[in-house]
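Novice: Given next are the chains, with one letter for each unit.
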Amino acid sequence: KAGVTQTPRYLIKTRGQQVTLSCSPISGHRSVSWYQQTPGQGLQFLFEYFSETQRNKGNFPGRFSGRQFSNSRSEMNVSTLELGDSALYLCASSLQGAETQYFGPGTRLLVL
Amino acid sequence: AQRVTQPEKLLSVFKGAPVELKCNYSYSGSPELFWYVQYSRQRLQLLLRHISRESIKGFTADLNKGETSFHLKKPFAQEEDSAMYYCALRDTGNQFYFGTGTSLTVIP
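Line order of the protein sequences matches chains A and B.
Everything in the first sequence is counted per the numbering used here, starting at 1 for the first residue and increasing by one.
Everything in the second sequence is counted per the numbering used here, starting at 1001 for the first residue and increasing by one.
Among these hints, one or two may not hold up.
Said to hold, decoys possible - A few chain A residues that face chain B, going by a derived Cβ cut-off under 7 Å, partial list only:
(1) Asn56
(2) Phe60
(3) Pro61
(4) Gly62
(5) Phe64
(6) Gly84
(7) Thr100
(8) Leu109
None of these hints come from the bench; they were simulated from the model.
Backbone N, C-alpha and C define an ideal beta-carbon position, used for all residues, glycine too.
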């Protein structure tokens, strides 16, 4: 089984721009969660999608949004980028959300 | 509020020595606790979960509700155990909270 894939792997943007990250879960997995990883804060939960619906949301501003498609692929969007948004963004998939999560390699975003 | 604390950012032990990575949590309900590991240049992966009560790669972790701790232990550290370790809590709403991680180095 192919693992969780994320594209792109690296991204450089400037302040004020917006960015869209993509995550393809393991085949058959319907739950996709997104995390922001930074050296100071560790992993912080952004949101979880299941069957195209946002089921959980972390404590991030509305500039961070996401969606899930019928094939369970998920996208995350960050609008009006700030320097502090520079981070590794991880997605993780699981069958229904309550089982083991499998993580992707991450997208490293640098905001200049 | 739910929170996971890993007090040690860095931990070094000699090969063959016992190792304990500390994790404390605060949660008002019945949490589910996990340890995740990230080896160099690899993805974050699940090491163990408290409900399984299993030993993975020689590691064990016991949930102590009285002390609100879930420390990870291994009696004899190996060089291949060098990695970043994250303690995580899942609440009843299926939301995860991760600690800031402990970088373990096993010295040969």
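Novice: Which hint numbers does the structure go against, in order from smallest to largest?
Specialist: Per hint list: 2, 3, 4, 5, 6, 8 violated.
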